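**Student:** Spelled out from the first residue to the last, the chains are:
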Amino acid sequence: MDDLLRLLTLQDSNTRVVLLGTSILGIASAVIGTFAVLRRRSLVGDAVAHASLPGVCIAYFIVGDRNFAAFMLGALVFGIVAAAFVSFVRAATRIKEDAAIAIAIGGFFGLGIVLTRVIQNQPSGNRAGLDSFIFGKAASMVGSDANLILVIAAAVLTTVALFYKEFKVLCFDRDFAASQGWPAMSLDLLLMGLICTCTVVGLPAVGVVLMVSLLVIPPVAARFWTNRLSTMIFIAAAVGGLSGVLGTALSASLPVPEGVTSRGWPTGPLITLVATAFFVISLLFAPRRGLVAEHVRRVSLRRRVQEQNLLRAAFEFAEADSTRQHWTIQDLGVDTAPLGRMRSKGYIERRADSTYQLTPAGHEAAAKVVRAHRLWELFLIEQADIAPDHVDRDADQIEHVLPPELLAELEDRLRETGRLPRGMPLSPHPLRKGVQP
Amino acid sequence: MNDLFSFLGYGVRSTDLWMVATAVASSVACGLIGCFLVLRRMSLLGDAISHAILPGLAIAFLMTNSREPLTMLAGALVVGVATALLSAGLSRWGKVPEDAAMGVVFTALFAIGVILITFVASRFDLDPGCVLYGLIELVPFDTINIAGADIPRAFAFLACILIAVTALVTLFYKELKIVSFDPYLATTMGISATLVHYGLMTGVAATCVASFEAVGSILVVTMLVAPGATAHLLTDRLSRMLWISAIVAATSAILGYILAVYFNTSTAGMISTVALGLFIAAVFLAPRHGWLSKQTRRLALALRITQEDVLGLLYRWQEQLPTARNPHPPTAREVLDATHSGWMGRLSLALLARRGLLTRTADALSPTPAGIELARSIVRGHRLWETYLTKHLAADPSRVHSPAHRAEHYLTPGIQASLDRDVATGEDPHGKPIPPQP
Numbered sequence: 000m001d002d003l004l005r006l007l008t009l010q011d012s013n014t015r016v017v018l019l020g021t022s023i024l025g026i027a028s029a030v031i032g033t034f035a036v037l038r039r040r041s042l043v044g045d046a047v048a049h050a051s052l053p054g055v056c057i058a059y060f061i062v063g064d065r066n067f068a069a070f071m072l073g074a075l076v077f078g079i080v081a082a083a084f085v086s087f088v089r090a091a092t093r094i095k096e097d098a099a100i101a102i103a104i105g106g107f108f109g110l111g112i113v114l115t116r117v118i119q120n121q122p123s124g125n126r127a128g129l130d131s132f133i134f135g136k137a138a139s140m141v142g143s144d145a146n147l148i149l150v151i152a153a154a155v156l157t158t159v160a161l162f163y164k165e166f167k168v169l170c171f172d173r174d175f176a177a178s179q180g181w182p183a184m185s186l187d188l189l190l191m192g193l194i195c196t197c198t199v200v201g202l203p204a205v206g207v208v209l210m211v212s213l214l215v216i217p218p219v220a221a222r223f224w225t226n227r228l229s230t231m232i233f234i235a236a237a238v239g240g241l242s243g244v245l246g247t248a249l250s251a252s253l254p255v256p257e258g259v260t261s262r263g264w265p266t267g268p269l270i271t272l273v274a275t276a277f278f279v280i281s282l283l284f285a286p287r288r289g290l291v292a293e294h295v296r297r298v299s300l301r302r303r304v305q306e307q308n309l310l311r312a313a314f315e316f317a318e319a320d321s322t323r324q325h326w327t328i329q330d331l332g333v334d335t336a337p338l339g340r341m342r343s344k345g346y347i348e349r350r351a352d353s354t355y356q357l358t359p360a361g362h363e364a365a366a367k368v369v370r371a372h373r374l375w376e377l378f379l380i381e382q383a384d385i386a387p388d389h390v391d392r393d394a395d396q397i398e399h400v401l402p403p404e405l406l407a408e409l410e411d412r413l414r415e416t417g418r419l420p421r422g423m424p425l426s427p428h429p430l431r432k433g434v435q436p
Numbered sequence: 000m001n002d003l004f005s006f007l008g009y010g011v012r013s014t015d016l017w018m019v020a021t022a023v024a025s026s027v028a029c030g031l032i033g034c035f036l037v038l039r040r041m042s043l044l045g046d047a048i049s050h051a052i053l054p055g056l057a058i059a060f061l062m063t064n065s066r067e068p069l070t071m072l073a074g075a076l077v078v079g080v081a082t083a084l085l086s087a088g089l090s091r092w093g094k095v096p097e098d099a100a101m102g103v104v105f106t107a108l109f110a111i112g113v114i115l116i117t118f119v120a121s122r123f124d125l126d127p128g129c130v131l132y133g134l135i136e137l138v139p140f141d142t143i144n145i146a147g148a149d150i151p152r153a154f155a156f157l158a159c160i161l162i163a164v165t166a167l168v169t170l171f172y173k174e175l176k177i178v179s180f181d182p183y184l185a186t187t188m189g190i191s192a193t194l195v196h197y198g199l200m201t202g203v204a205a206t207c208v209a210s211f212e213a214v215g216s217i218l219v220v221t222m223l224v225a226p227g228a229t230a231h232l233l234t235d236r237l238s239r240m241l242w243i244s245a246i247v248a249a250t251s252a253i254l255g256y257i258l259a260v261y262f263n264t265s266t267a268g269m270i271s272t273v274a275l276g277l278f279i280a281a282v283f284l285a286p287r288h289g290w291l292s293k294q295t296r297r298l299a300l301a302l303r304i305t306q307e308d309v310l311g312l313l314y315r316w317q318e319q320l321p322t323a324r325n326p327h328p329p330t331a332r333e334v335l336d337a338t339h340s341g342w343m344g345r346l347s348l349a350l351l352a353r354r355g356l357l358t359r360t361a362d363a364l365s366p367t368p369a370g371i372e373l374a375r376s377i378v379r380g381h382r383l384w385e386t387y388l389t390k391h392l393a394a395d396p397s398r399v400h401s402p403a404h405r406a407e408h409y410l411t412p413g414i415q416a417s418l419d420r421d422v423a424t425g426e427d428p429h430g431k432p433i434p435p436q437p
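Going down the list, the protein sequences come from chains A and B. So for the first sequence, numbering that gives the first Met the number 0 puts the first residue at 0; every next one is plus one. So for the second sequence, numbering that gives the first Met the number 0 puts the first residue at 0; every next one is plus one.
Worth flagging that the hints you see were computed from the coordinates, not collected in a lab. Be a bit skeptical, because a hint or two may be false.
Each pair of labels, with its calculated beta carbon distance range [what the hints assert, rightly or not]:
id, chain 1, residue 1, chain 2, residue 2, range
1, B, Met343, A, Gly180, 25 to 33 Å
2, B, Arg303, A, Arg89, 44 to 52 Å
3, B, Leu346, A, Ser185, 26 to 34 Å
4, A, Gln324, B, Thr193, 43 to 51 Å
5, B, Leu346, A, Ala83, 53 to 61 Å
6, A, Pro402, B, Phe180, 55 to 63 Å
7, A, Ser185, B, Gly413, 53 to 61 Å
8, A, Ser185, B, Thr330, 51 to 59 Å
9, A, Arg89, B, Gly413, 36 to 44 Å
10, B, Thr193, A, Ala83, 35 to 43 Å
11, B, Thr165, A, Gly180, 47 to 55 Å
12, A, Gly180, B, Ala361, 45 to 53 Å
13, A, Gly417, B, Thr193, 36 to 44 Å
Bear in mind that the values here come from a model prediction, so they are computed numbers and not experimental data. A virtual CB, placed ideally from N, CA and C, is assigned to each residue, including glycine.
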């Protein structure tokens, strides 16, 4: 508890640095990742991250020491080479982008491993600095690293702000951007360059694989909440930043289980898992695109269809023979599921002899449904040339979703030609028992 | 170089052979199944699955508290298949783009894996590094006894996987082929594209899992895609693609192993690097789909067009000679300025001279009779096309030159004859004579 308090009040200067670094990194990569995801370039970051390993090794060969800036530069150069490799293979050959990315990931990383082993074999070789590039060590972040992240993030965000409109058009309609005379190719390269920069800066903090998660997960989570790019960017940035903060805080405050000799909870994976949690929440509970909302919509539509089918069946049963105003559910031959709901709504009542009948309110509701069904049938017969004996099934699919305005328009059409039936239109086909759903 | 040859010539130990055999078995199995990943644009599945294996291993260890290889494999296989299913489900029901869905699933699983490994690392010497690079050096020392012979366990296992993959590809060749190229046709023929899809995913997961211990996940990621993509650049037939992919995979494994021994470095890394190198070579050098041959074809076309433009120019100069005020033949400079002033133009002039279609003197170019013959056909095509456009498309005569200038290089004598019959006139819209068929 004390630990948590210390953490939240930012008393520990080291934690403060790490918190700042990871949250800024989360924000910047989420913003640039938004464009990457929309441009269907989610996994280019993966290729770039993996390809940075040989770059780091070659920088080590040239500089010969654990020089952070040289490592970064080497990683950036090879990241750009990998991105260019992917673009070239896609543009110049029949090989698709996914294959090019996979080859870049495996091939360049393989080269990196070859070089790492060569460095290790050297008498003075020591791959301590190289390993943390692969798996990342946020906890060892120092002030200068955080400053670097801050500077790069500011540069990346400024560039995105300057080219916001261009990137937006590029992501949604590249051909339109090209036809407007914009340099679509250069913009694509700029976007790739920003992805590379962001990835390379984040590598020492969270490592190769988890860097991909910072680029991809926050935008994908944000996409569930909005259809607007600007809103999406802000939500993604919030998710990315919060993931950085919460992941770091959890890693510093979670108790280490007994019997574990390691140094505690690793920061990078926790950041990824927090981001994943945001993603799962979005996937389930986002108001319109979330799975729960979609399920509710689907269930309520199915219920409405069942209810309307029951009402129409009851109405038509009585209509076909005016001596039979009450019925058993077998008489109608429809799904019994909505019966209880219809009774509690007061549309259907149960009689003493265990048969059912429509209440006045139910009769009115049923008349509306039947009217919609028959008007639509008329429309189909007149306008779409569908044979009367086929029209029932087609009308069945649409009557449940006909909006009132469309019904009014259908009536107007019929009224103009003087064919609007008074009261309830007659069914254009013989009534059958039950409603075929 | 001496070391390399001494390694090849003598001193080949049986352990070396087992390691090479293991690498070849794994690579070829990946190469065969990978062809379908490349064709179906599922290449990143191997990447996703091989990362997601990590938590599978850790969970299997935590549940059974043993390092029994079969338990580990079962854990990895379950998580591998789950990765494939989860990504597919996310993109289908969550409407997340496929690549992004994969990115979400495998990074999340990898994160869980790293955390679990961190906590069990004290009891369980699973280094994330060895999942990445594999421990091929240890393969020959972990043997099982099959029919009286000591065979490395990893090799026996991978050989089974290779046989299974080969058998599946052979048995379901027709189904895999139709589903890969036309899933809708497959569905109408009663082949379940979904079933084949999930079967393929399971096959990929099994191959990944079987391979990672010996050769590491990096090699799997490369070998699932690079040989198939290389083969796709070299042929248009699926059967040949499978053969080439297997050969490329085996070559990468053998060559990579030799180079790794020579440079004393990681075998898996070197095999990946060789596979990448072979792919890059195919990108540039493949006979039909390679960059070099595409560029060559474009260059040849550009040279032909420039040469024909030069000849056309000279023909028109000769044509106006009787009424010209300045009867001096055009210089090379003038011709180049009017056609293509760069190196392409100069190269075209040299080629025309070599083909005997043109004679060059110090200050003038003049076509030979053979050159005039060829030029007449081009100018004939040009003027016929202009006339045709004016007659049938009511095109403005002042605007028909540039389309005709482009089309003239593609009008064969047969088409010219048809056009001639159609327009049935001896003059183009500008009043110039249409040269007769020679």
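**Student:** Is it true that the C-beta distance of Thr193 (chain B) to Ala83 (chain A) lies inside 35 to 43 Å, as the hint says?
**Tutor:** 37 Å, holds
**Student:** Is the gap between the beta carbons of Leu346 (chain B) and Ala83 (chain A) within 53 to 61 Å?
**Tutor:** For Leu346 (chain B) and Ala83 (chain A) the Cβ distance comes to about 30 Å; the hint is violated.
**Student:** Is 55 to 63 Å respected by the C-beta to C-beta distance linking Pro402 (chain A) and Phe180 (chain B)?
**Tutor:** 43 Å, violated
**Student:** Does the Cβ pair Arg303 (chain B), Arg89 (chain A) satisfy 44 to 52 Å?
**Tutor:** Violated, at about 29 Å.
**Student:** Do the beta carbons of Gln324 (chain A) and Thr193 (chain B) sit within 43 to 51 Å of each other?
**Tutor:** 50 Å, holds
**Student:** Would you say the C-beta atoms of Ser185 (chain A) and Gly413 (chain B) sit inside 53 to 61 Å of each other?
**Tutor:** Violated: the Cβ-Cβ distance is about 45 Å, outside 53 to 61 Å.
**Student:** 36 to 44 Å was suggested as the range; check whether the CB atoms of Gly417 (chain A) and Thr193 (chain B) agree with it.
**Tutor:** Check failed, 53 Å falls outside 36 to 44 Å.
**Student:** Determine whether the Cβ-Cβ distance between Met343 (chain B) and Gly180 (chain A) falls within the hinted range of 25 to 33 Å.
**Tutor:** 28 Å, holds
**Student:** Quick one: are Arg89 (chain A) and Gly413 (chain B) within 36 to 44 Å, going by C-beta?
**Tutor:** 39 Å, holds
**Student:** Indicate whether the distance between the beta carbons of Thr165 (chain B) and Gly180 (chain A) respects the range 47 to 55 Å.
**Tutor:** 54 Å, holds
**Student:** Could you check the hint for me, namely that Gly180 (chain A) and Ala361 (chain B) are 45 to 53 Å apart, CB to CB?
**Tutor:** 46 Å, holds
**Student:** Can the suggested window of 26 to 34 Å be confirmed for the beta-carbon pair Leu346 (chain B) and Ser185 (chain A)?
**Tutor:** 31 Å, holds
In terms of the numbered hints stated before, the structure departs from hints 2, 5, 6, 7, 8, 13, listed from lowest to highest.
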